[in-house]
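Protein sequence lines, in the order shown, are assigned to chains Z and Y.
Sequential numbering of the first sequence, starting at 1, is according to my numbering.
Sequential numbering of the second sequence, starting at 1, is according to my numbering.
Check each hint, because a few of them may be wrong.
To be verified - DSSO-like mimics (lysine-lysine), calculated; alpha carbons at most 30 Å apart, straight line:
#1 Z:LYS81 <-> Y:LYS44
#2 Z:LYS104 <-> Z:LYS70
#3 Y:LYS178 <-> Z:LYS104
#4 Z:LYS70 <-> Y:LYS44
#5 Z:LYS104 <-> Y:LYS44
#6 Z:LYS49 <-> Z:LYS70
#7 Y:LYS269 <-> Y:LYS294
#8 Y:LYS178 <-> Y:LYS44
FYI, nobody ran anything at the bench for these hints, they're computed from the structure.
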Amino acid sequence: MEQLRYSRVPELRGWRDVPIAGIVPWPGSTAENRMHAWRTFRPVIDPEKCVRCRLCWVYCPDGAIVELDKPYTTRSGRTYKVTYEVNYDYCKGCGICANECPVKAIRMVPEVR
Amino acid sequence: MALTRPVRTVWDIPREERFAPGHAMCQGCGAAIIMRHLMKVVGKDAIIVMATGCVEVTTTLFPRTSWLNPWLHLAFENAGAAASGVEAALKVLRRKGVIDGSRRVKVVAIAGDGGSFDIGLQSLSGMLERGHDVMFVVYDNEAYMNTGIQRSSATPYGAWTTTTPVGKRWRGEWRPKKDIIGIALAHRIPYVATANPAYPTDMVEKFRRAFEIEGPSLVHVLSPCTPGWRIPTEKTIEVARLAVQTGVWVLLEVVNGRPRVTVKVPRRKHVRHYLRLQGRFRHLTDEEIERIQKMVDQYVEEINRWVGEQAIGPVAE
Ligand SMILES: Cc1ncc(C[n+]2csc(CCOP(=O)(O)OP(=O)(O)O)c2C)c(N)n1
Ligand code: SF4
Ligand code: SF4
Ligand code: SF4
Ligand SMILES: [Mg+2]
């Protein structure tokens, strides 16, 4: 999975560790948050059905669909240069990707064990 | 670097994410989709100036931030004023040689409908009128969502909000939506556009042009809100698309006063397809829906007359 070049926030033990004026010098640091607990359904992409149209990646509010330069050959012999995967750390399970997928290659599966 | 190549297909949208995940926007939030794409377009050469509202509070919970750009936290009313100040400061820094004069750094102001149509209107007007080189993005979720779904002057006719309730006497909002595009145009600024996240290439290309142009620009983006509009979380894009297909939301671009419809709709859908999907309109009777249909018909007629062609066609289904 793409490891993000976002900053980490150091441990802040008290007000002395807070930067002057409350500025936040840690760009992109919400990437440290894990959003999986928000989810009741998880999207599962079927790489066989997926036609690599990019729409799930476009419409995801949480940047949780990742586009990887990972070739994939389907059982019927078609090779694609990219693969779409879900980053389950950030996916909140809204279901937009599954709703918008033109070939219904994404299933929403209940998060139960 | 900001995006310079025209965007014609979704494949022209940069892969690089410049809006970090892990923010606290609701499941299915339309504004989150808009911000992701806006940041892909403006790249690192933008200073973001943001009125408070949903996007602000959900992306900057101390000590973390979703933003990768210099980003200024503001009050509710002063995005236009603060953006003007930052832009003026950049000019002085360039003149004094403190920053490289050849490097284009642009100020991008972002505000909700409340922060632009209502309390932010005066400072927005000043910014437009003085001709600051600022791109102003309005994400319009049609109410004050951050504070719990109070109506704004962008709330459409008939919509339920907590301050336009539905009961025996009240039937939701009874005033029509304010025409922010008309207000922006009255300032004779070089670039004004409407956009919609269900039409991503159109939206991204408009962001790109609004960023590239010298002088003030405004992009007004429809931003479905899952709790505020009472829609299932997966319906955000479907609802946004229906707004265009029904003629409720016309995708416009006005460059130096010349208007154009960028996404034509030869045959419109009846407005009930849009309204029936949303809980905020659930109370509407067939008669009330017909009244809204008439309002849309009139709006479409005005637009067609303005652009000088039948860009939006008749109701077909
Ligand atoms: C002067 C002032 N009044 C009220 C508030 C409280 N407040 C913060 S955000 C907000 C509503 C924001 O609405 P909008 O601009 O539409 O953004 P949204 O939350 O819908 O994204 C309000 C009323 C404030 N911050 N300052
Ligand atoms: S369910 Fe929602 S958050 Fe998760 S990957 Fe799909 S669009 Fe993104
Ligand atoms: S929307 Fe569906 S077909 Fe398109 S890339 Fe995503 S999973 Fe594949
Ligand atoms: S309340 Fe609406 S606009 Fe605000 S974060 Fe949630 S979905 Fe987005
Ligand atoms: Mg709002």
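Hint-by-hint comparison with the structure:
1. Z:LYS81 <-> Y:LYS44: This hinted pair holds, its Cα atoms lying about 28 Å apart.
2. Z:LYS104 <-> Z:LYS70: holds (21 Å)
3. Y:LYS178 <-> Z:LYS104: violated (39 Å)
4. Z:LYS70 <-> Y:LYS44: The given pair, whose Cα atoms are some 27 Å apart, holds under the 30 Å limit.
5. Z:LYS104 <-> Y:LYS44: Given that 30 Å is the threshold and the Cα spacing comes to 36 Å, the pair is violated.
6. Z:LYS49 <-> Z:LYS70: Status holds; Cα separation ~16 Å.
7. Y:LYS269 <-> Y:LYS294: Distance ~13 Å between LYS269 of chain Y and LYS294 of chain Y Cα, so the pair holds.
8. Y:LYS178 <-> Y:LYS44: Violated, because 33 Å separates the two Cα atoms, which is more than 30 Å.
Hints 3, 5 and 8 from the list above are not met by this structure, while the remaining hints are.
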